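A.B. asks: One-letter residues, chain by chain:
There are 2 protein chains.
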Amino acid sequence: MPPPPPAWVQALKPAGPQGSELLEQERAQSNVNVDKLSELLHTKEALETQDRLVRILSSEPIFDKSENHTSGRTERIQRALARGKRLQQLREQLHWSEQEYIMANDLIGEPTPYGLHASMFLVTLREQSTPEQKKLFLEPAEKYQIIGCYAQTELGHGSNVRGLETRATWNPDDKTFTIHSPTLTASKWWIGSLGRNANHAVVMAQLYVGGKNYGPHPFVVQIRDLQTHQPLENIYVGDIGPKFGYNTMDNGFLLFNHVKIPHVNMLARFSRIDKDTNKYMRPASPSLVYGTMTWVRSNIVLDAGGVLARGVTIATRYCAVRRQFQDRDATGNVGENQVLNYKMVQIRLLPLLASMYALHFTGRGMMRLYEENQSRMKASAASDQDTRGPGPEQLRAGADLLADLHATSCGLKALASTTAGEGLEVCRRACGGHGYSSFSGIGPWYADYLPTLTWEGDNYMLTQQVARYLLKSARAVLEGKGTANDTSQILQAYLARREKGASFDILEKDSDIVAAFAWRTAHLTFEALKLRDVEKRSWNSLLVDFWRLSTAHSQYLVVKNFYEAVTSEQMSAALDAETRTLMYKLFRLYALHTMEREGAEFFASSAVTTRQLRLTQNNAVMKLLDEIRPHAVRLVDAWKIPDWKLDSSLGRYDGEVYPDLFRRASMNPVNDLVFDPYPWNDAVLKNGPKSKL
Amino acid sequence: MPPPPPAWVQALKPAGPQGSELLEQERAQSNVNVDKLSELLHTKEALETQDRLVRILSSEPIFDKSENHTSGRTERIQRALARGKRLQQLREQLHWSEQEYIMANDLIGEPTPYGLHASMFLVTLREQSTPEQKKLFLEPAEKYQIIGCYAQTELGHGSNVRGLETRATWNPDDKTFTIHSPTLTASKWWIGSLGRNANHAVVMAQLYVGGKNYGPHPFVVQIRDLQTHQPLENIYVGDIGPKFGYNTMDNGFLLFNHVKIPHVNMLARFSRIDKDTNKYMRPASPSLVYGTMTWVRSNIVLDAGGVLARGVTIATRYCAVRRQFQDRDATGNVGENQVLNYKMVQIRLLPLLASMYALHFTGRGMMRLYEENQSRMKASAASDQDTRGPGPEQLRAGADLLADLHATSCGLKALASTTAGEGLEVCRRACGGHGYSSFSGIGPWYADYLPTLTWEGDNYMLTQQVARYLLKSARAVLEGKGTANDTSQILQAYLARREKGASFDILEKDSDIVAAFAWRTAHLTFEALKLRDVEKRSWNSLLVDFWRLSTAHSQYLVVKNFYEAVTSEQMSAALDAETRTLMYKLFRLYALHTMEREGAEFFASSAVTTRQLRLTQNNAVMKLLDEIRPHAVRLVDAWKIPDWKLDSSLGRYDGEVYPDLFRRASMNPVNDLVFDPYPWNDAVLKNGPKSKL
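Just so you know, the protein sequences line up as chains A and B, in that order.
Its first residue numbered 1, the first sequence is counted upward by one per residue in full-length UniProt numbering.
Its first residue numbered 1, the second sequence is counted upward by one per residue in full-length UniProt numbering.
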């Protein structure tokens with residue numbers, strides 16, 4: 001580490017006012033009840049757990065973050081493995097719950113090579129194993145005696161799961177499966193925890209029985225020796241190399257050369273091969289698997305609020321500390337203006353501040369719906385084993401809710417992760433030049449988050465699922481077969497009023513804002529339906545319309561969920577009137593700013609008039625920015641992201657931005673190098689060896 | 001390096017059709033004359049130089065790119081210095097011109113620590129030195145006997161140059177200046193080549209003479225010893241640490257503790273201290289300095305086309321090789337569809353393909369204007385020394401053109417770099433999961449490019465300069481003082497027709513498309529003028545309107561420049577009719593797609609009707625996508641970016657995407673590590689030492 005700065009440097013202070021003073025002023029000018037609001041967002045228990053875990057983790061040297069951005073990949077991934085090990089040890093010693101373990105992982109701020117073992121490998125074994133298989137695979141996996149991963153994506157196929165090339169062929173003679181990669185593109189690819197860490201994999205492979213393909217199924221395959229950790233014979237496995245982010249994870253590749261596995265290694269809860277007849281037995285309940293995907297996507301929606309909150313917290317605090325230029329209309333020497341006072345900064349940051357709340361409440365709403373549905377399904381499965389069984393109406397309502405939930409989760413996953421990912425980059429740029437420093441804390445986080453826009457369904461691909469569902473719902477409504485679910489309702493409401501036309505008072509009535517979003521969705525749905533069913537346009541030619549439709553629908557869902565949250569009894573009970581008013585304003589800002597950005601669609605669907613749009617843009621949104629501005633710092637404080645997690649000079653709670661940037665810069669290891677700057681000297685360092693020029 | 005894969009792996013091929021076959025088909029289905037088009041873009045000479053330089057550079061081991069993405073920062077920056085040295089040696093040995101040296105730097109694909117010496121340090125010395133100072137500083141600098149940088153930005157001040165805190169105080173007694181950093185925020189920051197490499201700096205500091213501040217001026221300060229390369233006394237200097245990209249550059253910080261420099265170290269071509277009277281002598285011609293900024297920004301516009309072309313080349317080729325899903329309306333087994341055939345991919349990539357051409361021709365147009373203006377100014381300066389001097393009309397026309405050029409370059413710099421930066425990320429995502437791999441070649445390039453959106457004027461800040469100029473022009477036009485320049489013309493044309501209203505045939509007449517963009521600019525200008533001058537709205541409350549206005553104006557300029565290029569005699573002479581037709585289509589796609597995205601503004605300004613907008617969206621743009629699609633690969637081929645420069649598995653000219661991804665993955669150094677995967681073993685590697693958990 002470089003020597004500390006000389007005394008005359010250590011005596012220097014930033015030009016005043018100090019960051020700490022500015023943030024104190026910010027906090028003094030708002031009455032937002034930070035503690036109550038944070039408890040509403042996270043619960044008091046979770047916040048206490050967070051404090052406790054930060055104390056534990058920040059006192060362990062292995063979790064020190066100061067070298068995260070300077071090391072090469074081989075060092076980083078070894079340190080990540082060491083961190084993963086330490087987390088496991090702590091988990092056992094301190095008897096952490098699953099929730100605590102997840103939170104601890106989240107706090108250390110980067111993935112570890114155990115990531116996919118702890119999530120998809122265990123989840124798949126839990127959900128798709130028979131009791132015998134649980135004993136064989138799940139129990140040792142839970143004890144980390146075997147380490148696994150979930151190998152679905154291939155070099156040549158990501159989105160199109162049916163196109164996977166890896167094969168599992170049933171051998172009736174010796175009652176085994178042969179796992180084989182017939183081509184190079186069949187190589188498993190991107191598989192987290194596979195590259196260096198796993199010794200087992202759940203492999204999705206096309207099942208062939210008697211020459212017939214039954215589609216992709218899951219198989220447990222051991223890939224490395226449990227002692228030497230060397231790949232087993234006829235298996236070629238490794239890490240796929242450096243990435244834009246996520247470099248502490250060993251995403252891997254995997255090829256099989258006719259590898260035999262026993263019958264018991266096909267995960268058989270839902271489908272299996274009968275050993276005696278050599279016949280394929282059908283899936284029992286694919287809707288449960290469907291449910292897992294919905295759960296994964298709902299979690300992405302819920303997380304998106306918190307992901308964005310990191311960027312918004314950093315940018316908001318820094319823009320309150322950073323001062324640049326005098327206000328152009330100011331007279332006399334009033335000093336430089338806080339950057340957060342500029343409307344061009346507010347219009348970028350404050351709608352994102354509103355979005356992080358909007359996404360959080362939407363994610364909560366999604367999880368609630370998911371859980372309702374799960375308990376309904378369990379009840380139905382239980383009554384299934386009754387003599388009576390569920391009535392046909394119950395079954396229909398269940399399937400209806402599931403389909404709605406599936407489409408909703410697809411659309412919202414796309415919208416939420418795009419909003420969070422792109423929002424982080426907006427936050428980074430709002431920090432000006434210093435946003436580009438790794439010490440801003442935004443760039444590394446953005447780079448690690450970006451895959452979320454592609455995995456669990458590419459955000460563009462997913463929009464087709466939403467459109468397909470909306471078109472199907474619209475056809476049902478037109479045939480008089482509408483249901484009680486929300487989608488059906490908004491389509492019916494639109495049809496009933498279409499002739500008369502919409503007239504929403506979006507500037508005065510909040511419920512009319514929600515109605516205007518619903519109207520636009522319904523309008524776009526019937527427009528798309530006409531193009532597809534009447535004009536017989538090709539599916540491909542409509543993909544752009546479908547993407548717009550899905551975005552519109554998902555924006556409606558966010559606006560609706562946010563509105564329900566701000567008008568809920570829970571919020572009334574939890575917050576004082578002033579804080580609640582601010583929540584209303586954030587709702588309006590999210591909705592009206594979205595409406596303004598998508599103005600052409602709102603206007604074309606007659607959901608709003610051009611006059612309303614102009615007033616929205618010139619008055620309503622600008623006024624909301626003015627009203628929310630004084631509370632911005634407290635509104636990010638309420639998210640209660642610990643400094644240790646943010647790992648950001650710009651976003652420090654105490655506002656001591658410049659001393660922290662300076663401290664980190666002076667300590668960075670490049671400052672240990674003494675260059676030889678002359679081109680004719682081949683050595684790059686003073687007294688260093690000659691380089692191999 | 002890991003051992004090569006076993007024989008059974010080496011025998012595997014990707015599932016057919018092979019990437020090479022698909023790209024051959026692509027190239028066979030289009031008649032675009034790639035060679036003629038590339039010569040029009042770059043000139044034949046430049047393409048030959050490029051070929052020659054690639055041969056030279058790719059044969060030197062120091063320029064091997066394979067470890068660029070895996071090494072830590074201290075290794076990377078040392079290698080970058082070694083590369084910089086080798087480039088200098090080659091430049092001397094092979095007698096490269098300035099152009100050849102710049103191209104070679106560009107081909108190696110990452111900045112070196114000599115970057116700011118070779119650009120801003122030398123440029124500033126050339127432009128702002130007296131003959132005596134040239135001998136003293138410029139001559140040794142050109143021979144790399146002294147290495148320098150340009151130190152303007154500070155920790156606390158970037159955009160607001162007048163707010164710089166570093167001071168240079170004139171000492172009349174001993175005829176020296178004292179350079180001093182009174183605060184921590186006065187520390188120079190972000191200065192390229194300063195952190196480890198420079199031994200001199202041009203320091204921008206507030207000049208104080210007799211207690212009076214004369215504003216920021218440039219001073220040459222030696223900062224490190226020429227032999228030991230250690231910082232001189234009372235100077236604290238170092239590297240600012242890791243960044244989102246640009247990590248091979250030693251951006252630095254610099255603090256002074258009352259450092260004395262002689263009189264001759266103030267660069268004195270335009271302003272100086274008279275040694276005898278101790279008086280400040282006024283700047284001679286600030287407009288020349290103004291000119292340098294305009295030149296730098298014009299270059300950013302010109303480069304933006306090529307920056308974007310890298311991403312579009314990679315994504316277009318890969319989307320032609322990648323196949324996923326069958327077309328939903330296809331009957332029977334037709335195999336999977338090339339991703340490039342999907343409209344949702346086309347709508348993302350093809351407008352960017354059009355943009356890269358649009359920006360290139362716009363940059364060319366800017367440089368032409370700049371050069372015209374420079375020669376006019378030189379002529380005027382020459383006649384200045386005549387007895388006659390320039391006439392008042394000449395002077396006014398010159399100042400008028402300069403102001404227009406300045407505003408134009410500000411707005412276009414913002415639009416062009418935002419388009420290129422954000423476009424690269426669109427390209428990366430269009431590549432699906434593999435876009436996230438460093439081997440895609442997009443991510444690292446994007447990360448290195450991003451500072452361009454902030455430096456040389458933050459893209460949001462710059463829009464105020466454009467708006468200020470447009471408002472001033474509009475006031476002049478209203479007062480009957482319009483000039484002959486284009487801005488004045490479009491404002492006058494709008495006023496003349498405003499009562500009658502616009503009626504542009506944007507779907508049939510290309511010149512009307514340009515006119516509609518001009519109309520929108522003029523409309524927004526007069527709207528903004530009304531808000532500012534009549535309604536007396538505050539400057540701050542109008543910043544968002546100004547940003548929209550600047551964007552609109554800059555889009556008009558791009559559309560106009562592109563239109564002038566496609567209708568130019570130069571293009572008629574260079575290209576066959578078919579290729580030229582494609583250029584027209586790219587122009588239309590750029591313009592109509594922009595119009596569609598900004599639909600609300602075009603409609604609100606009455607530049608187009610809602611019917612026209614709908615037809616643009618549903619028919620015109622979709623039809624253009626269909627028509628351009630078959631030529632997409634040839635249109636990126638014409639940019640002639642060598643594979644060695646692209647450094648991308650996905651973007652290879654030969655389409656051998658998957659074997660190359662596989663080869664790079666299997667060779668990556670993480671595959672040399674053998675993990676110990678068990679959490680209770682403290683060692684992270686098999687037989688490795690215990691980690692310090």
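Source of the hints: derived by calculation from the structure; they are not laboratory data.
Note that the structure is predicted; figures quoted are calculated from it, not measured.
Take these hints with a grain of salt, some might be off.
Treat identical chains as interchangeable: a pair holds within one or across any two.
In silico lysine-lysine, BS3-like type, Cα no more than 27 Å apart, as pairs [stated by the list, open to error]:
1. K378 <-> K134
2. K212 <-> K175
3. K378 <-> K260
4. K134 <-> K481
5. K585 <-> K509
6. K686 <-> K143
A.B. asks: If the cutoff is 27 Å on CA atoms, where do K378 and K260 land: within, between, both or neither? Let me know, please.
C.D. replies: For K378 and K260, neither the intra-copy (37 Å) nor the inter-copy (81 Å) Cα distance is at most 27 Å.
A.B. asks: For K134 vs K481, is the C-alpha pair at or below 27 Å within one copy, between two copies, both, or neither?
C.D. replies: The answer is neither: 44 Å in one copy and 86 Å across copies each exceed 27 Å.
A.B. asks: Up to 27 Å between alpha-carbons, please classify K212 paired with K175: within, between, both or neither.
C.D. replies: Within. Shortest intra-copy distance 17 Å satisfies the 27 Å Cα cut-off; inter-copy 94 Å does not.
A.B. asks: Is it within, between, both, or neither for K585 and K509, if the alpha carbons may be no more than 27 Å apart?
C.D. replies: For K585 and K509, the Cα distance is within 27 Å only inside one copy (12 Å; across copies 46 Å).
A.B. asks: At most 27 Å between C-alpha atoms: does K378 with K134 qualify within a copy, between copies, both, or neither?
C.D. replies: within (21 Å within a copy, 84 Å between copies)
A.B. asks: Are the CA atoms of K686 and K143 at most 27 Å apart within a copy, between copies, both, or neither?
C.D. replies: Result: close only across copies, 20 Å inter versus 52 Å intra.
Figure legend: structure checked against the earlier numbered hints; hints not met, in rising order: 3, 4.
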